[in-house]
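Visitor: Residues per chain, in single letters:
Protein chains: 2
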Amino acid sequence: MGKCVVVCAGEPCRLDKLPGFSVGEGDFVICADGGLDFALAHGLPVHLVVGDFDSSACTQGQAKALGLPVYEVPSEKDDTDTMLAVKLGLERGYREFALLCALGGRLDHTLANLCALAYLKGQGASGWLYGRNEQVTLLENETLELPAARFYGQGDTPAMLSVFAYTEACRGVTLEKVKYPLQNYTLTQRFPLGVSNELAGESARVTAGQGQLLVMLVQEEKRN
Amino acid sequence: MGKCVVVCAGEPCRLDKLPGFSVGEGDFVICADGGLDFALAHGLPVHLVVGDFDSSACTQGQAKALGLPVYEVPSEKDDTDTMLAVKLGLERGYREFALLCALGGRLDHTLANLCALAYLKGQGASGWLYGRNEQVTLLENETLELPAARFYGQGDTPAMLSVFAYTEACRGVTLEKVKYPLQNYTLTQRFPLGVSNELAGESARVTAGQGQLLVMLVQEEKRN
Chain A
34 MGKCVVVCAG EPCRLDKLPG FSVGEGDFVI CADGGLDFAL AHGLPVHLVV GDFDSSACTQ
94 GQAKALGLPV YEVPSEKDDT DTMLAVKLGL ERGYREFALL CALGGRLDHT LANLCALAYL
154 KGQGASGWLY GRNEQVTLLE NETLELPAAR FYGQGDTPAM LSVFAYTEAC RGVTLEKVKY
214 PLQNYTLTQR FPLGVSNELA GESARVTAGQ GQLLVMLVQE EKRN
Chain B
34 MGKCVVVCAG EPCRLDKLPG FSVGEGDFVI CADGGLDFAL AHGLPVHLVV GDFDSSACTQ
94 GQAKALGLPV YEVPSEKDDT DTMLAVKLGL ERGYREFALL CALGGRLDHT LANLCALAYL
154 KGQGASGWLY GRNEQVTLLE NETLELPAAR FYGQGDTPAM LSVFAYTEAC RGVTLEKVKY
214 PLQNYTLTQR FPLGVSNELA GESARVTAGQ GQLLVMLVQE EKRN
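Chains A and B, in that order, are what the protein sequence lines are.
Here our numbering = 1-based position in the first sequence + 33.
Here our numbering = 1-based position in the second sequence + 33.
One or more hints might be untrue.
It does not matter which identical chain is meant; a pair holds if it fits inside one copy or across any two.
As the list claims (entries may be wrong) - Listed below are the simulated BS3-like cross-link pairs for lysine-lysine, each with C-alpha atoms no more than 30 Å apart in a straight line: (1) K50 x K212; (2) K50 x K210; (3) K120 x K97; (4) K120 x K110.
Think of the hints as simulated: they come from the structure by calculation, not from any bench.
All values reported here derive from a predicted model rather than from experimental measurement.
In isolation and in its complexed conformation, chain A is listed as follows (with noise of 0.2 Å):
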């Protein structure tokens, strides 16, 4: 089975520049509203779209003319269509999620898609949130291993790898082959310990305990 794909309506990723990202045939791509416009514009296949057409530059009527499923939302609702489209997903079966363009929009997005992290985890799913120069997972009892492409996906500079406890407390944190390793440390939300460290190998390995862990990777994007 392959992963669920949600593309949402914030700062438009690259995907040029996604490492080891890519849409393949098991894939299922569904666009939280105002997503639709990057995914049209990208060529991704569209398999489901979510959404009230409240900030997609599409109509309801254009995506059902180009023969698009379009799932229909009331406009007062308590999910936001990417929670909708992360539930639609998980409904499907999938277990593994790429949110793009998830991040660098509006503060409020981000945060609750960070939620949704959260919310996968608690369904026994993992997601990777996608931005213009940003990266995010969480981690809750597990490692995860990050191979050195991951760190120069994005632009000319190695990104900065950063980890927040996003429970109160993330507990056993632990940080390998990196600049500033840790060693079963607990993190907490009261002091941004984790921020800004740097690759020293071949690959970084991130391993958190008890709690729930963001891990970040942040590239600076040289603009002209």
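Take the given structure of chain A and dock chain B to it, following the hints.
Guide: Only chain B this time, still in chain A's reference frame:
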């Protein structure tokens, strides 16, 4: 006693659009490294500069030549420049903080600044983060009244009000005088139920019980 203003190096905020914000006689302004550029460009008083001058256009020598008090820090340290500025403000007795240009730059710095709000709360202090289009604070066992002026400060359209659990759960969340009220609700980090609310009166009232609650006002900017 006035407040402590920490000028950070994120996306520049618009001083003329910060509702109710001004730098008064009793205020103490600390520039966190690159924040010095913003403070000098906008004629803010500078009472202390913190950092290793790795992100400021100004060199340490220039800062000293301008007669600015510089708190020197090593470039490899556990504190971010902003956290160090916050600690120095607390040491001087300030309990009310405003962090300017604290959002909208690198996402890791933005999240680290959310940690700073939680750190302040743990020290019996409180703070607001200001970005170009965002204002964020953190509540714990308290009620905040948000007058309409705060919703209209930074742009043409009224701000959206969002609340997020910052601890795993925040109990007793009550939202009054808003379009989608909540009464004594337990908000969790796994579901962004508190996104995109709207003012529905002269002021909105937000109450957080046990746990911590991020309160965020975000305006959509009309860019031409």
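Visitor: A separate judgement is required for each hint: does it hold in the structure or not?
Guide: Checked hints:
{"no.": "1", "hint": "K50 x K212", "result": "within (24 Å within a copy, 40 Å between copies)"}
{"no.": "2", "hint": "K50 x K210", "result": "within (24 Å within a copy, 45 Å between copies)"}
{"no.": "3", "hint": "K120 x K97", "result": "within (22 Å within a copy, 56 Å between copies)"}
{"no.": "4", "hint": "K120 x K110", "result": "within (14 Å within a copy, 42 Å between copies)"}
The structure is consistent with each of the numbered hints, conforming to all of them.
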